[in-house]
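Asks: This is what each chain is made of:
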Amino acid sequence: MAHAYTPGLKVTEKTLIKKKRILPLKGEVVVKAGDKVNPEDVVARTELPGTVEPINVANILGVPPEDINECLLKNVGDEIEKGEIIAKSKSFFGLFTSTCQATISGTIENVSSITGQVLLRGKPMPVEVKAYLKGEITEIFPDEGVEVQTLGAFAQGIFGIGGETHGELKVVSPTTDSVLEEKDITSELRGKIIIGGSLVTAEALRKAIQEGVKGIVVGGFDDKDLRDFLGYDLGVAITGNENKGITLVVTEGFGKINMANHTYNLLKSKEGQLACINGATQIRAGVIRPEVVIPAEGDIHTEFAEKKVISKGVEIGSPIRAIRQPYFGRIGTVTALPSALQKLESESLARVLEAQFEDGGPKAIIPRANVELLDE
Amino acid sequence: MKGLKPEDIKVIIATDCGSTTTKAILIEYQNGEYRLIVRGEAPTTVETPFEDVTMGVLNAIAEVEELSGRKILDENNKIITPAKDKVGTDIYISTSSAGGGLQMMVAGVVRSMTAESAERAALGAGAIVMDVIASNDKRLPHQQIERIRHLRPDMILLSGGIDGGTTTHVVELAELISAADPKPRLGSGYNLPVIYAGNNMARDAIKETLGDKVALDIVDNIRPVLERENLLPAREKIHDLFMEHVMAQAPGYAKLMSWTDTPIMPTPGAVGLIIKTIADQEGIEAVGVDIGGATTDVFSVFQGVFNRTVSANLGMSYSVSNVFAETGLPNVMRWVPFEMDERDLRNRIKNKMIRPTTIPQTLKELILEQAIAKEALRLAFIQHKNFATVLKGVQQQRTIADAFDQTTGGQTLVDMMSLDMLIGSGGVLSHAPRRQQAALMLIDAFLPEGITRIAVDSIFMMPQLGVLSTIHEKAATEVFNKDCLIHLGTCIAPSGELKGAKEVMNYKFEMPDGKVEEGTLGAGEMKVIKLGIDEKTALPTKVKAHLNPHKGLDLGNGKGNKIETEISGGVVGIILDGRGRPFKLTEDKSLRVKKLKEWMINLNIYDKEKLESY
Numbered sequence: 001m002a003h004a005y006t007p008g009l010k011v012t013e014k015t016l017i018k019k020k021r022i023l024p025l026k027g028e029v030v031v032k033a034g035d036k037v038n039p040e041d042v043v044a045r046t047e048l049p050g051t052v053e054p055i056n057v058a059n060i061l062g063v064p065p066e067d068i069n070e071c072l073l074k075n076v077g078d079e080i081e082k083g084e085i086i087a088k089s090k091s092f093f094g095l096f097t098s099t100c101q102a103t104i105s106g107t108i109e110n111v112s113s114i115t116g117q118v119l120l121r122g123k124p125m126p127v128e129v130k131a132y133l134k135g136e137i138t139e140i141f142p143d144e145g146v147e148v149q150t151l152g153a154f155a156q157g158i159f160g161i162g163g164e165t166h167g168e169l170k171v172v173s174p175t176t177d178s179v180l181e182e183k184d185i186t187s188e189l190r191g192k193i194i195i196g197g198s199l200v201t202a203e204a205l206r207k208a209i210q211e212g213v214k215g216i217v218v219g220g221f222d223d224k225d226l227r228d229f230l231g232y233d234l235g236v237a238i239t240g241n242e243n244k245g246i247t248l249v250v251t252e253g254f255g256k257i258n259m260a261n262h263t264y265n266l267l268k269s270k271e272g273q274l275a276c277i278n279g280a281t282q283i284r285a286g287v288i289r290p291e292v293v294i295p296a297e298g299d300i301h302t303e304f305a306e307k308k309v310i311s312k313g314v315e316i317g318s319p320i321r322a323i324r325q326p327y328f329g330r331i332g333t334v335t336a337l338p339s340a341l342q343k344l345e346s347e348s349l350a351r352v353l354e355a356q357f358e359d360g361g362p363k364a365i366i367p368r369a370n371v372e373l374l375d376e
Numbered sequence: 377m378k379g380l381k382p383e384d385i386k387v388i389i390a391t392d393c394g395s396t397t398t399k400a401i402l403i404e405y406q407n408g409e410y411r412l413i414v415r416g417e418a419p420t421t422v423e424t425p426f427e428d429v430t431m432g433v434l435n436a437i438a439e440v441e442e443l444s445g446r447k448i449l450d451e452n453n454k455i456i457t458p459a460k461d462k463v464g465t466d467i468y469i470s471t472s473s474a475g476g477g478l479q480m481m482v483a484g485v486v487r488s489m490t491a492e493s494a495e496r497a498a499l500g501a502g503a504i505v506m507d508v509i510a511s512n513d514k515r516l517p518h519q520q521i522e523r524i525r526h527l528r529p530d531m532i533l534l535s536g537g538i539d540g541g542t543t544t545h546v547v548e549l550a551e552l553i554s555a556a557d558p559k560p561r562l563g564s565g566y567n568l569p570v571i572y573a574g575n576n577m578a579r580d581a582i583k584e585t586l587g588d589k590v591a592l593d594i595v596d597n598i599r600p601v602l603e604r605e606n607l608l609p610a611r612e613k614i615h616d617l618f619m620e621h622v623m624a625q626a627p628g629y630a631k632l633m634s635w636t637d638t639p640i641m642p643t644p645g646a647v648g649l650i651i652k653t654i655a656d657q658e659g660i661e662a663v664g665v666d667i668g669g670a671t672t673d674v675f676s677v678f679q680g681v682f683n684r685t686v687s688a689n690l691g692m693s694y695s696v697s698n699v700f701a702e703t704g705l706p707n708v709m710r711w712v713p714f715e716m717d718e719r720d721l722r723n724r725i726k727n728k729m730i731r732p733t734t735i736p737q738t739l740k741e742l743i744l745e746q747a748i749a750k751e752a753l754r755l756a757f758i759q760h761k762n763f764a765t766v767l768k769g770v771q772q773q774r775t776i777a778d779a780f781d782q783t784t785g786g787q788t789l790v791d792m793m794s795l796d797m798l799i800g801s802g803g804v805l806s807h808a809p810r811r812q813q814a815a816l817m818l819i820d821a822f823l824p825e826g827i828t829r830i831a832v833d834s835i836f837m838m839p840q841l842g843v844l845s846t847i848h849e850k851a852a853t854e855v856f857n858k859d860c861l862i863h864l865g866t867c868i869a870p871s872g873e874l875k876g877a878k879e880v881m882n883y884k885f886e887m888p889d890g891k892v893e894e895g896t897l898g899a900g901e902m903k904v905i906k907l908g909i910d911e912k913t914a915l916p917t918k919v920k921a922h923l924n925p926h927k928g929l930d931l932g933n934g935k936g937n938k939i940e941t942e943i944s945g946g947v948v949g950i951i952l953d954g955r956g957r958p959f960k961l962t963e964d965k966s967l968r969v970k971k972l973k974e975w976m977i978n979l980n981i982y983d984k985e986k987l988e989s990y
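Residue numbers (the numbering used here), protein chains in the order written: chain A, 1 to 376; chain B, 377 to 990.
A portion of the hints provided could be inaccurate.
To be verified - Label pairs and their calculated CB-CB ranges:
hint, chain 1, residue 1, chain 2, residue 2, range
1, A, Gln342, B, Lys768, 46 to 56 Å
2, B, Lys891, A, Val287, 51 to 61 Å
3, A, Arg351, B, Lys938, 48 to 58 Å
What the hints assert, rightly or not - List time: in silico EDC-like cross-link candidates among lysine to aspartate or glutamate, alpha-carbon distance up to 20 Å:
hint, chain 1, residue 1, chain 2, residue 2
4, A, Lys224, B, Glu715
5, B, Lys986, A, Glu347
6, B, Lys986, A, Glu345
7, A, Lys224, B, Glu702
8, A, Lys20, B, Glu427
To be verified - A partial selection of chain A residues facing chain B, derived with a Cβ cut-off under 8 Å:
hint, residue
9, Thr115
10, Phe254
11, Ile323
Derived from the structure by calculation, the hints contain no laboratory data. No residue lacks a Cβ here, since even glycine has one placed at the ideal position from N, Cα and C.
Looking at chain A on its own, in the form it has when it is part of the complex (with noise of 0.2 Å):
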């Protein structure tokens, strides 16, 4: 094999960036195409249908299945209110009334004369889907949503908390090798997504909430904290929901961890400006990462050119990350690829590179699984 191919995570100045902004279910899309919009900026809104509520008039009012359209005292498509008579079987000479009476309010949804049972649907709710982007509606999809666009700077993360949000940037931790610690979170930072360096700990974050802190960006967190935060053992790793007043994206991984300099210089460079973060991360197939994107003024049409991403492979003098232990989180550049298997401690035959890493020391020997490219 030529080359090996090592998915990484994509940290760039500038790109454009495209987001489909869907309904959940059809519905009216508010904006036009060319329309520039802000995050908060609604962009489509439908309203889901309510709860379904079965009742079994027939058995309620004692008739025969096939007999139920004659008690019901609705059509289908019918508006009831919760408490209202629905259905009245007809007895003899009128003594014996059985009644039967909407247990929400809504509609009349369905009659089955087979199961003698009546669907009540409940009032529906209003959903609104927002820009969530600084930028330009790009693509109208009628019914449905929009597409919007926007130039800037783009750095995924490996794992988040939290959903969409956004505020200014700021640089809270002098070095991607600092800890983002309690004492460092202050009132001045309500609002802001800060940026911190090798971790952020538990008091850190449970005061960031406090403060008002929209959002954090660090290199790593302590999954024992994960844990205390959630409250409970985060399995199977799908979030994004979490609705705990605040957005965290972590970059390089679990523990502590140093932000990429190139990720952390990224950001450092646009402090001051806007940007908008994600935390969901979905680790499964059709795998979502969280990301933060900090939109830059100008027209997304005239000043840029989408340059095509040829991804190459792991080459001799590409810089790489351990993603494993014994070198977890250490940054360095491929020295060799040998081509034979080669035997490790753990006795497992694995295509290997040579690396030497930024801090110094000899040259490391790492299975080509176990390192990441990192991007441009």
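Got chain A sorted already, so can you dock chain B onto it with the hints?
Replies: The following block gives chain B in isolation, referenced to the frame of chain A:
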């Protein structure tokens, strides 16, 4: 197959697109037999930035080309057919579990009867069952509707009622599905496929209820009468729809489907097929397990009945964190012969989850990974035992002798004492640096009783052989016997509580060289007796064994009763397990570590010096 006869097929390329890795194998007909030539692999490319499964397939095939010297792809990356000399292949086939595999919801009237039959049909077809909706599942109808609406399965299997029975309940279920108006997981451009396999008298009512909202297919009832299941028509329909709807929606699959000579099969369905074929051919009771990155599948054939379960969130990469969350820290650490800081351990496990393709470089990392594997396997097997049961709701004929045996039906079919063969598959077992490690993981997780042969899939090619068996059984069986299975040996484990006994069994083996290996197995002791593979036949060497379990312990012939039998060897040998069943690991930490090290050293599991230094 483009009109090819089986005897014309001399070169076969088969791939399996897993959630993490795409594996390709090359099989050739040489010197009168089909043999595996080489295998290649590459990361699966279903996700961004590639979003095209065929790239991973091409990369894996390119590795096969490089290793075998056979040119398979032309300059436009098209597979060359048919084979001629060292160029091209006669057929190309594939299985897939990438993109989340096949995710289904099933519904039936009674949870333990038709709903369970529907679940079995879906699992047997290779699906992950996201939820089972039943009229009596204790949820209120509106909760069931909410659940159906949120699930977004790939398809739904609806069953209920025996043929000619009452129709009300199953139509009620259809009404719930109709009210939920469920949407398919991939794309909104088509209607959700729903298969109806229930009471034939309800078909018209089902059509009326669901016909407009979903893509409805009707097949024969899976439970035409209470006493019998008829799962095949539903399973076949599931396979058809998997191809038509699910595969066609996943990135790159439309292209891949146009390349293959037979329909792409869901990976677990293919593995189940090969295990069932082997159990039927040899007339044995077998358990197979495939532990993957996201899921663990268990297959069993007991009393001729095939069962499959899939534990959707037990696996070694994507799901590793969930294994840990489900079993808990102490259960993982009980298999580890050294101390670890909890904070560090948790971070390591989560880092494996977020970067699932990494491999253990150090020995400690390997030991930890194998400890987690034991727990994943153990939990998956518990789920399997609870599911692989005799049909529930069937009136049983009893004789007077049964009157005292008050079983109510629904007991598990899994019997560890009658189990003949345990086959392991999946990265952590197939790629374990020492075969002894795979043997110990399987023994610790499954705790076989009596005499059980143990094997692993050498390089994880059971899926490809499963799909191959549908078009060329001879090639599939030959490669399975000669290249796929690695016979590890036989585990002999007297069953019963040790109750302070010092010894559990006397043994005597008449070895092939005329020597006699005899001795006593101590309580709590594990040891191995070397007995390998016959070089001429490439099959395990067999020896005559005289086994005498002590009082209260059973090897399959009753407590304390002797057994004289033939025992097969393998690359590990005969493993004597004197730890008793049920197996209990001591809670005394230092004693536990001492015993773990002793077993690991006796069985040559890890490097002795390193192990002793921990």
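Asks: Now, for every hint given, state plainly whether the structure supports it.
Replies: Outcome of the hint check:
A C-beta distance of roughly 54 Å is found between Gln342 (chain A) and Lys768 (chain B), which places it inside the suggested range of 46 to 56 Å. Range check, Lys891 (chain B) to Val287 (chain A): about 57 Å between beta-carbon atoms, so the 51 to 61 Å window is met. Against the hinted window of 48 to 58 Å, the Cβ-Cβ separation of Arg351 (chain A) and Lys938 (chain B) comes to about 52 Å, which satisfies the hint. Distance hint between Lys224 (chain A) and Glu715 (chain B) is fulfilled; the C-alpha atoms sit about 17 Å from each other, no more than 20 Å.
At most 20 Å may separate the alpha-carbon atoms for a hinted pair to count; Lys986 (chain B) and Glu347 (chain A) meet this at roughly 12 Å. Pair hint Lys986 (chain B) plus Glu345 (chain A) holds up; C-alpha atoms about 10 Å apart against a cutoff of 20 Å. For the given pair, Lys224 (chain A) sits about 16 Å from Glu702 (chain B) by alpha-carbon distance, which is consistent with the 20 Å threshold. With a C-alpha separation of about 17 Å, the suggested pairing of Lys20 (chain A) with Glu427 (chain B) holds against the 20 Å cut-off.
Of the supplied interface hints, the one on Thr115 (chain A) holds, with its beta-carbon coming within about 5 Å of a beta-carbon of chain B, less than 8 Å. The interface hint given for Phe254 (chain A) is met, as the beta carbon of that residue sits about 4 Å from the closest beta carbon of chain B, less than 8 Å. Of the supplied interface hints, the one on Ile323 (chain A) holds, with its beta-carbon coming within about 5 Å of a beta-carbon of chain B, less than 8 Å.
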